[in-house]
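Protein sequences, first through last, are from chains A and B.
Numbered according to my numbering, the first sequence spans residues 1 to 1022.
Numbered according to my numbering, the second sequence spans residues 1 to 1022.
Hints are computed from structural coordinates only; laboratory data are not their basis.
Intra- or inter-copy, both count: the list cannot distinguish identical chains.
Think about it this way: if two alpha-carbon atoms lie no more than 25 Å apart in a straight line, the pair counts; the simulated DMTMM-like pairs of lysine to aspartate or glutamate are: (1) K649 <-> E108; (2) K746 <-> D936; (3) K231 <-> E292; (4) K957 <-> E592; (5) K140 <-> D154; (6) K649 <-> E997; (7) K646 <-> E959; (8) K157 <-> D197; (9) K231 <-> E249; (10) K646 <-> E997; (11) K869 <-> D704; (12) K746 <-> E764; (13) K350 <-> E799.
2 protein chains.
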Amino acid sequence: MSGTTALACHGYFEELSRVSTSNPASMASRRSPSQTAGVESGVRGWGENIFSRMDTAGTPSLFTKKGLQAAMMDWAMRDEHFKTQLFRFVDVLPSLTSAGEVSRHLKEYLGDEQVNLSAGLRTALKAATGASWLFGAGVKAQVTAMARQFMLGDDSKEIVATLRRLHDEDIAFTVDVLGETVVSETEADNYAARYLDLLSLLAGETSKWPQPCKSNVSSRGTIPQLNLSVKISALYSQIHPADPETAIEKTSSRLRPILRKAKELGAFINFDMESYALKDLTLHLFKTIFSEPEFASEPACGLAMQAYLKDSEADLKGVISWARLQRHHVTVRLVKGAYWDYETVIAQQKEWPIPVFGLKAETDANFEKLSVILLENADAVEAAFGTHNVRSIAHVLAQADRLGVNHRDFEFQMLYGMAEPIKSALLQLGCRLREYCPVGELLPGMAYLVRRLLENTSNEGFLANTFAKGASREQLLRDPNAMVAEQEPRHRTSPATNPMFRNEPPIDFTISAEREKILAAIRELRQQIGRKHPLVINNKYISTRDWLPSTNPANQNEIVGYAAQASIAEAEAALAAARAAQPDWARTPAGERSAILEKVASLMRRDKAALCALEILESGKNWTEADADVAEAIDFCNFYAAEMRKLGKPQRTQQVPGESNLQHWLPRGIGVIIAPWNFPLAILTGMSAAAIAAGNAVLIKPSDQTPVIASRLMDLFIEAGLPAGVANFVTGPGSTVGAHLVAHPKVDFVAFTGSKEVGLKIWETAGRTPPGQVGLKKMICEMGGKNSAIVDSDADLDEAVSGCIASAFGYQGHKCSELSRLIVLADNYDKFMERFIAAAASMRIGPAEMPGNVIGPVISREAQQRILKTIAIGRTEAKLAWQGQIPENPNACYVPPTIFTDVPPASRLFREEIFGPILSVTKAKDFDEALALANDSEFALTGGCYSRSPVNIERAKAELVCGNLYINRGITGAIVERQPFGGFKMSGGGTKAGGREYLQNFLLPRVITENCLRRGFAAAEE
Amino acid sequence: MSGTTALACHGYFEELSRVSTSNPASMASRRSPSQTAGVESGVRGWGENIFSRMDTAGTPSLFTKKGLQAAMMDWAMRDEHFKTQLFRFVDVLPSLTSAGEVSRHLKEYLGDEQVNLSAGLRTALKAATGASWLFGAGVKAQVTAMARQFMLGDDSKEIVATLRRLHDEDIAFTVDVLGETVVSETEADNYAARYLDLLSLLAGETSKWPQPCKSNVSSRGTIPQLNLSVKISALYSQIHPADPETAIEKTSSRLRPILRKAKELGAFINFDMESYALKDLTLHLFKTIFSEPEFASEPACGLAMQAYLKDSEADLKGVISWARLQRHHVTVRLVKGAYWDYETVIAQQKEWPIPVFGLKAETDANFEKLSVILLENADAVEAAFGTHNVRSIAHVLAQADRLGVNHRDFEFQMLYGMAEPIKSALLQLGCRLREYCPVGELLPGMAYLVRRLLENTSNEGFLANTFAKGASREQLLRDPNAMVAEQEPRHRTSPATNPMFRNEPPIDFTISAEREKILAAIRELRQQIGRKHPLVINNKYISTRDWLPSTNPANQNEIVGYAAQASIAEAEAALAAARAAQPDWARTPAGERSAILEKVASLMRRDKAALCALEILESGKNWTEADADVAEAIDFCNFYAAEMRKLGKPQRTQQVPGESNLQHWLPRGIGVIIAPWNFPLAILTGMSAAAIAAGNAVLIKPSDQTPVIASRLMDLFIEAGLPAGVANFVTGPGSTVGAHLVAHPKVDFVAFTGSKEVGLKIWETAGRTPPGQVGLKKMICEMGGKNSAIVDSDADLDEAVSGCIASAFGYQGHKCSELSRLIVLADNYDKFMERFIAAAASMRIGPAEMPGNVIGPVISREAQQRILKTIAIGRTEAKLAWQGQIPENPNACYVPPTIFTDVPPASRLFREEIFGPILSVTKAKDFDEALALANDSEFALTGGCYSRSPVNIERAKAELVCGNLYINRGITGAIVERQPFGGFKMSGGGTKAGGREYLQNFLLPRVITENCLRRGFAAAEE
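One chain only, chain A, in its complex shape (with noise of 0.2 Å):
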């Protein structure tokens, strides 16, 4: 978050845009003086005309500030800590399945110190203290009714009322599913029955309505009553950005039935629009199925647009030219866009362009600028304009006016439950009105409930400047163009913190040029795959006899290269290579030296799909994984680089006149950098980079499973220009090589990342100092991990899922952080574990080089045989809950998915680490037990817990033992910087790779003294 003030929320029906500069014709923003002058006047006028409407209609119902909720909602809008607070304790309630659950909630939310209450909210809380059952049961019953407001329930009679309630009331309706987000593909089965049961439903009622409803009459005829919203991603568990095809495919097979059934009843269905990075599928895919002859012209159908994305202009041309072409009549609704917090967060977090317009009045221009785009092309689609924003209303209404466009041949949406008095104005207007109605259960309503509270209560929204803060018509109804002219441009990204660094961002794999290039380089690689990767000495290619094949997992067959195999002569001439280097190498300045670390980085980034490729084929990384490991591996030498030059320049120690004291920092010397496969280009990237940066030669030992993406680094290294000796490749077996290397007097430190039984051993040999040794040898040894995650009993479940799945699974559980044993809260814990395996079941597993598989072959035959047997002995100690199903291949080394559950704390299941894609879940009987198992464990590297209290989170902050600790999502993919990496206990040494201190690691303090004092006269400062 940039500074302490939250991102504000920009409602559903609430947003806003500048006009794009780039489009001179764009006749919104370009029009003439004249123009605007007399569209202005007519949108007043408008205006005018629906405020003195809503006058007599009242204040809707949530700003009439009686009673407690009305209390809480006045004083969110005050205090933003507060509004948090509360909102996160509305997200939660649901969860909660006692009344002092509820209680005990309210007070962590509310009752923190930090919250700032009225008086009365203060009093109100201390009386929960005493009688929690009477009063959680209470605040229960306050937040039901609150959602009650917004949404028809789960009720058919109840739903059906309400909406023939509507319909007497002239009001048309779309109905709209609420639900979990869907993890599974049994969830998007059930989502897509429950979207035939409603349609059946639905369709019992309208038929007996003995006429349309007015507001489905246009000019041109009769519109369908029954009116369905669907979202995509309820109809697909696997929707993954590299695989499109895939998630066509899927969502339209699931999407058939309900369209057929659709066209059958004369229902109409529209597509939701949800987050940006479905847009571009769900535009796909509305205009893919509706092109199939059989939808080609029924049922009826449309789709929403959000004027708040920058693309918004150019999609809704994109459709008009497809709706023209088809000759097919579709509606859109044009609304504001409703996720605008998260879409600048989640570009900010990937360091991607934010793609949503940075200032309210830019998407409320936007929203116009598309309104008059929709009324200009009205033969071709019909227009929705979903907005409870007066001004946006009149600014219709009046271009429809200039553009003689019939006021019945268009719509106004609002929510079901706000804007009451805005509606009844339109109404006696004539207007045409459709409430958007969420039907479903109160818990995933929620979600819902949140969004509609921050709506209502946003600083920028329009219902709480016009009912809750006065602000005066005039205000209400200005141009918005004319405000974006006066802001400030909003800053889009947070100051950074690291001026020197900024992250990698992975790649947009949902842009299809991205994919491309992939997919080039995997044939590409084909074509000139199984070459010799020789050793390197003194930046000269030095073959031996030996060379060991590394295979693709996927299929054993294909070999991707043969790795030189040094012997002991060849490291001992390594060694003397890097010593000769050595003194040159630190004498040159830090800043010499980070710039070819960047330059390795640029490299790297120019051939990012070509080492993709090398990791999906060596490594048996899937897409997604292997550009993480090439994003890492960039960002390792950019922020070691950056870091040194802060380092290169001396720090003052202490200042005090007449003398200089400097601390400054040397290189170590010489070192052996021995690293494994399952990062094989970041992990090897870092520890090399960060010796290089600090002035250190070092002796390159990669893993005998990734030799050939291993020898790309070194590649790069010498074509950006680091001298000759400064780094040396020394493939070959740890057994002799390794060994003797780890053991050399001439060996200034080793950097390790491996097993716990390796690490161990070389932590003893550097602890030896043989004859000759200059000084005491450094070891820096990153080691395993058995890492676990507690699902706490009121775990947002829709994170928990999908997040505990991603880490316990992904790259086939080949991370030394990932999800190895999964601690769930016994209340939690059936309804955890029914979605959880659900949704492990879900994933797809195959060769990595398929974009859409998650799950691809474990690493080399020996692991799976080793895995394998893991899972042998896991069904004595354990109950097999799940297993996956892998491909029958007898080349490739794939290792079911398992999921064991009661593991008893005792077993080799729950204590040894596994490093392959089997988790073991065990159950909790409060949190306690919980936090007691996941310390029970030798190692101590990540760790994670899912709550939505807020003590939890406090004590699993305080509390569980482990170098990196995430809370709220998955504790898998740390980033440069941002999570700098590793742990203790037999886990490591407590150095943290990508972070700030992990540079001293390979330098020596050294502090210089001057006395400045001469003759008693002491100089300006030297």
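Add chain B to chain A, keeping to what the hints say.
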């Protein structure tokens, strides 16, 4: 230095002072407005009078701006950096033995790219590159000529000729003998002899003069023609602040022959005033010796007093009272003070109150105030006003008028070669004038020259303002009191680098009350000596079966105390206590933990004298060393407490919206602290305090040699409120108890300071990970040193001799930082060694409790025998150049301090750590060889270089391999935070005690990532 501006230089006769507001009776300041007005008009009158006479006299030669010399002075006034470089060049010049050397240094100082040169100077300097020989010689001649303006040289004939010339101009003289800093008793003898010779020489001359100089004739009669200024620091080389008695005795014994001769010749003896540290001693000596019957009435005498000192008013009144009492009409030479920079810097370095006024105008005002006091007491003391400031002079004359003092009854003093027009004006006005005439060689005179140059170029100096900058008479004659009122108080202390930490000041032993405290504490300690000091487990005192005595190494019959001897069982009990206590301690907020350590620091401050007494008796440290150890212990507590307060606040790793990423630090667990005896309090406290501050629990295992001091630390931990079990005190044999604990699987880290042999063994033990051990055992390891200092051919020998003596022999060489190998450039070798050995021979050796003793006993009989054996071996390897005389005391463990020369690099003397008062000296033919010799060691702890070659200083900084490098100062005495201490190679693991990163050794980093997005709503920053 504060910021980038140099401390302003106030010239010798050119200083200033605010009237003391604490003395309402003080007349100069609290004069009534009418009186002020009257005096001020008198001042202006006299001022205008003087100025008008000066106008006819012209500009002093230095400001005539002709030739290179004048161009340089002019440029120096414009560019601060150039001035520094120029004056440093002037400073080094006399030590340069060839024109090539002169040219090289000139280029190094003024060819520096940072030096901003005028075009003319740049050209001249470029020319120097071509013909260094010629140019070098030319420059030396130029500077010599410049020096000749201010000094009379060392040729007897020239001296007497100059004095005769002055006599003929009616100017009286006082002669000052320029000389090197007196670093040995030989040099003090020589200095005294020169005073005697000079008296004879001058008496021979003055006796020939036909009549007394007019300036020596007052209304009361004739003053001695022969006037000699003596410096107390020249008369004894071993002045020790804690032992003024010896200083009085030694200086007196060298003074008496001088006074006798003066008496015999009718000469006048003036005591010059030097640094503030010598001020009380000088005053005391003056009063003492001139109270001796022999000198109670003769010779005529006087002393200088410095108006820039805040003490000066009280001191002046003390002298006047004494003179009245003694009926001895002494002369007081009132000057402003010449060491403003030095006094300010030294006080700031030591965190002592700054003894001088901050503002130039304050000193000027104080000069006026003291002038009035002198004039008012003209009956008791004779006034001599030493100033070149027309305002100060005019003020004297105006006040004399007001008080009715005859203008012939006081004199003015000015420096030879300066302010000629003012002298001329005063003579015209009939005032008495004396010139201060330095005689002596160019080399030792260079400091004097630099001071004069600084005075002439000072921004605040009267002369520069008058003659070079053309200030108006109005400005020049302004009342300094008015200027003080207008000016902002000067910042006396530089802005703190670390607002949370200040170093503990050393005791100022010049204050007699401070000396008394130590003496009393030693007496008190002796009354309770010989007690038993039990173990401490869980804050309970536990006695053991065996007790080991700890004796005074200066008298082994004196048992300072008995240390309990833990068994393995007791060690296990202590470990169990630590393990039980640690979790709660870890949870205690960092601020509370820090507060306890800050309390320990304040208790140590309270008990400082008692702790010093223990150090003196148990470890044989002299007073200064004892105090330094206690102060460092206080610093460690406060510094680590402050650092932990910082680390206690989690640090954001990266600013990213929607996610909070914070790095926390966790304690490591249980540590064993193994400390040496040589800094029995500081090192033990440092390692313990760091571990404890970080939230660990510790087992403290002090050295067998100093358990009593260690047990005092444990007492203070308990008194300060450290919870039971957090620190446990386990004295006992290292070979059993120590080894057991180090290898123990329940021990998480070991902090060790001691020998290389033990360190390597512990390092190896820590490398092994026994079953049951939680993590990799962390080892913080500080070992020995074999430290070198290089004395370059252009080194300032005054500084090099005393710095190397202190570094080699301080605390009997019992410091890991001690100077063990002195490498002297051949060019300088003979000269340096002569002074160096003489200085060594002047050191006082004996029991540490006698404050004047610099060298005490070594720590134990065993150490004595070992070191004596090393000396015996050394005799076979090298040349024994000098050996000290030790007291004959069979109960004491003295080792004679010893200097070997011609020490070959292959010898054991050169290679092995001795840890005693033995210094090896090796001659190097050039700087390359010196660096190679210094780096030829398995250790890399401290190092030093004395050089005035900017290039060689940079080379030393870049190439000398050591953890702490000291340029142009001693190589011991690192101060917490200022000089983070520790080395590498076989000196340690690269940790820095007292440095910003030190606490990290006792902590584990932990990163907590929290997803702050809920339902797409990003809350305000968590």
